[in-house]
Structure formats: structure tokens, C-alpha cells
Amino acid sequence: MQEVKELWADCDSDTLLVKVDSPGPACHTGNRTCFFKRVEGGVR
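Just so you know, we're using the working numbering here: the sequence shown kicks off at 1 and counts up by one.
Wrong hints could be hidden among the right ones.
Quick list of in silico lysine-lysine cross-link-like pairs, BS3-like style, CA-CA up to 30 Å [to be verified]:
#1 19 to 5
#2 19 to 37
#3 5 to 37
Derived Cβ-Cβ restraints for the label pairs, each shown as a range [said to hold, decoys possible]:
#4 39 to 1: 17 to 23 Å
#5 3 to 40: 31 to 37 Å
#6 38 to 17: 19 to 25 Å
#7 3 to 41: 34 to 40 Å
#8 38 to 2: 30 to 36 Å
#9 31 to 3: 32 to 38 Å
#10 34 to 6: 27 to 33 Å
#11 9 to 29: 25 to 31 Å
#12 4 to 40: 29 to 35 Å
#13 38 to 16: 21 to 27 Å
#14 40 to 9: 29 to 35 Å
What the hints contain is simulated information worked out from the structure, not anything from laboratory work. In this text, a Cβ means the ideal position worked out from N, Cα and C, and glycines have one as well.
With the sequences and hints as input, model every part of the structure.
This is the structure we're talking about:
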């Protein structure tokens with residue numbers, strides 16, 4: 001279970017950023033977050 005702390009919309013309101021308090025794993029893999037894979041090569 002996650003508790004929503006903040007909810008933000010970007011400048012044209014097509015993306016949401018949700019800040020939550022997550023006392024346990026948030027990912028189905030058991031990791032604390034689903035964002036644990038670094039993309040190699042960078043962004044241009």
C-alpha cells in the first residue's frame with residue numbers, strides 16, 4: 001500500500017508526477033521501486 005503525499009501536473013497537463021510514501025516494495029519484482037534499470041548510452 002502506498003500513501004500519496006503530493007500530486008503534480010506538468011505545464012501542459014499531460015503528465016502526472018505522484019510522490020508517495022511506500023513502506024515496502026512498490027515493484028512486482030520485490031524491488032523498492034520499478035525504476036532500477038539504468039539506460040546505457042545516454043540521451044541526445
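message: For each hint given before, does the structure comply? Return the numbers of the non-compliant ones in rising order.
response: Failing hints, ascending: 4, 8, 9 and 10.
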